[in-house]
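Q: Model the full assembly from the supplied sequences, consistent with the hints where possible.
In case you want the letters, here they are:
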Amino acid sequence: MRSIEWTRLTSAGFWLTLLLWAANAGAHSASDAYLNLSIGAPGLGGPVIEGQWDIALRDLAFVLDLDADGDGRLTWGEVHRRWPDIVSYAYRHLRIDGGAGNACTIEPSRQLIDDHADGAYAALFFAVHCAQKPQRLTLDYSLFFAIDPSHRGIFVLQSGPATTTAVLSPDNASLHLRL
Amino acid sequence: MRPMIVLALGLALATLPRHASASAEAKPPVTVPPSAGPPPPYRAPYEPTHDEEVLQDVPAISDPAVARMTSLRRAFGAAPHDLPTALSLASAYIDYGRQVGDAHYAGYAEAVIAPWLVAQPVPSKVLVTEAIILQYRHQFPEARQRLHEALNADPGSAQGWLTLATLDMVQGDYAAAGKECVQVTSAADVATGLACSATLRSYTGHARQSLALLDQVQLGAATQSAGYRAWVHGLSAEAAERLGDWPLAETHYQAALKLVPRDNFLLVAYADFLLDRSRPREVLGLLANSVQSDTAFLRIVLAQAALKSPDTARYTWIMAARFAALTERGSDFFGREQARFALELQHDPQAALDLARKNWQRQREPWDTRLLLAAAVAAQEPRAVTDVLEFRRRVKLEDPVIDGLAQELRPGADTMAISQP
Chain A
1 MRSIEWTRLT SAGFWLTLLL WAANAGAHSA SDAYLNLSIG APGLGGPVIE
51 GQWDIALRDL AFVLDLDADG DGRLTWGEVH RRWPDIVSYA YRHLRIDGGA
101 GNACTIEPSR QLIDDHADGA YAALFFAVHC AQKPQRLTLD YSLFFAIDPS
151 HRGIFVLQSG PATTTAVLSP DNASLHLRL
Chain B
180 MRPMIVLALG LALATLPRHA SASAEAKPPV TVPPSAGPPP PYRAPYEPTH
230 DEEVLQDVPA ISDPAVARMT SLRRAFGAAP HDLPTALSLA SAYIDYGRQV
280 GDAHYAGYAE AVIAPWLVAQ PVPSKVLVTE AIILQYRHQF PEARQRLHEA
330 LNADPGSAQG WLTLATLDMV QGDYAAAGKE CVQVTSAADV ATGLACSATL
380 RSYTGHARQS LALLDQVQLG AATQSAGYRA WVHGLSAEAA ERLGDWPLAE
430 THYQAALKLV PRDNFLLVAY ADFLLDRSRP REVLGLLANS VQSDTAFLRI
480 VLAQAALKSP DTARYTWIMA ARFAALTERG SDFFGREQAR FALELQHDPQ
530 AALDLARKNW QRQREPWDTR LLLAAAVAAQ EPRAVTDVLE FRRRVKLEDP
580 VIDGLAQELR PGADTMAISQ P
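Keeping their order, the protein sequence lines are chains A and B. For the first sequence, position 156 (counting from the first letter as 1) is numbered 156 according to this note's numbering, and the numbering increases by one without interruption. Every number in this note's numbering is 179 more than the matching position in the second sequence, counting from 1.
Heads up, a few of these hints could be off.
Said to hold, decoys possible - Residues of chain A placed beyond 12 Å of chain B at every Cβ, according to the derived structure: (1) S31; (2) V48; (3) P84; (4) R92; (5) H93; (6) G101; (7) T105; (8) A127; (9) H129; (10) A131; (11) T138; (12) Q158; (13) T164.
To be verified - Rough simulated footprint, nothing fancy, chain B against chain A, three-plus residues with beta-carbon under 8 Å: (14) 117 to 123; (15) 145 to 153.
Derived by calculation from the structure, the hints in this document are not laboratory data. Don't be surprised by glycine CBs; every beta carbon is placed ideally from N, CA and C.
A: Here it is as structure tokens:
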């Protein structure tokens, strides 16, 4: 194990190893979440808006200390026992609004695990209910931005045959969608 | 034996065969010919059945580096306005992320220094830290600008000069790097300056001198950290590779990895060495715990392909999916890996040539030059790389593989001596 003294900020050796290797190392596997909304056929209470939000377990583990025994292996038991915390943390960072006088609420339905190319994700399923049938939606996304500004939310809206996509970032955290 | 590939791949590839080589409990591998299109390796979202099922490897608290990050994070939480604490935490994040090849930590570091980035003026150490993050993300012009700002404010910043020298070496501006190494020597110490110029010499036709200098640095480094000594061994390994001295290169790689066994950069560099030596089976063992790093994963796929493993098509598909995810989020700093993927796994020389060219406009380390020339050979387009051959000649780049490629591209016109041990 390396024993660099992090307090020696001005010493010559500080960061040396990190520096001369930094460019070679390449930057990969940054944090992504996948937010999918689909607008179904009009039901009794207007169109049904459903969502699936996939959030990397390793990101959730970092903010919520999910690895209870600290052994470096996040198990299904450690995840499902913390679903309430995961759900409450995630939905605090997503707002969907139908415009003036048309408040919408996000109603979590269930949580599963979804495998992605770079690891396992929590798949959060939800429905969106608005006071009236929305003509437009405003979406405010802030997941992980405060702890990792390089996080990106990959957003896909499926409305009938039409698909809208966007990449949510700290500079592009709000979307205005016409339905 | 810890089923390493099993675990780490298991998370992403629940339905894939459970080990690189078929094992007793593995499902029979499904062979998909490359022409059949991508196989669908993922199941639909699911609920695991057993509490003990491992879903994801995460940093273990038993790892001293993780423990140190955790305690620095706590210290920063208690003193969120204390700049030295913030810089310590940011550098711990950057260093850990570099070690394990995980870009999340560069993002965490960015968040830690964010409050000071809006200060007027931005403290020079914060500028240098930001430059390191930007450089890690291959945002070279932005990194350069921050470094110039930092060095204007604090011309005695060894850290700033060293970062700038590194940046210029990565981009192939060796004249500028040479001047910056001189600044490093006066701002830091002789050993650091020596390491800086030794690295530079290995790129400019003086790999043998470079090795001698690095030996000197190593001799004086007995009391330095394992990370520092591993770094010098890593540089020596690369210099030995420039000379085609494979046994010496391997000795240094192994010495370095003995000091920092899971350093992503070293693991990947050694894996490339092994792939070049036609030893792919060793690559699978070496990188078994590194599948989360995209750079390491590419080498695993290359090793699978070299072994003609029936899993190659699936691994290739996953690598493509990882590149697609990076593209989706708007990242384009993985040019070297993507060019190599196109050339060696997708067998698309034209795409590889385009990607390698774009990458070379940005960074010009020997591997970048080698890939671009290899793509030009495969695409039979020698005229596409005349400027690259000219660069190689001008800087006197030594490398037996690159020498061979240059010969193929300009038969008879190559007058550079090919160094052999």
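Q: For every hint, state whether the structure bears it out.
A: Comparing the hints with the structure gives:
no.	hint	result
1	S31	violated, 5 Å
2	V48	holds, 19 Å
3	P84	holds, 16 Å
4	R92	holds, 17 Å
5	H93	holds, 14 Å
6	G101	holds, 35 Å
7	T105	holds, 23 Å
8	A127	holds, 16 Å
9	H129	holds, 22 Å
10	A131	holds, 30 Å
11	T138	holds, 22 Å
12	Q158	holds, 16 Å
13	T164	holds, 14 Å
14	117 to 123	holds (count 5)
15	145 to 153	holds (count 7)
In summary, the structure is inconsistent with hint 1 from the numbered list given earlier, while agreeing with all the others.
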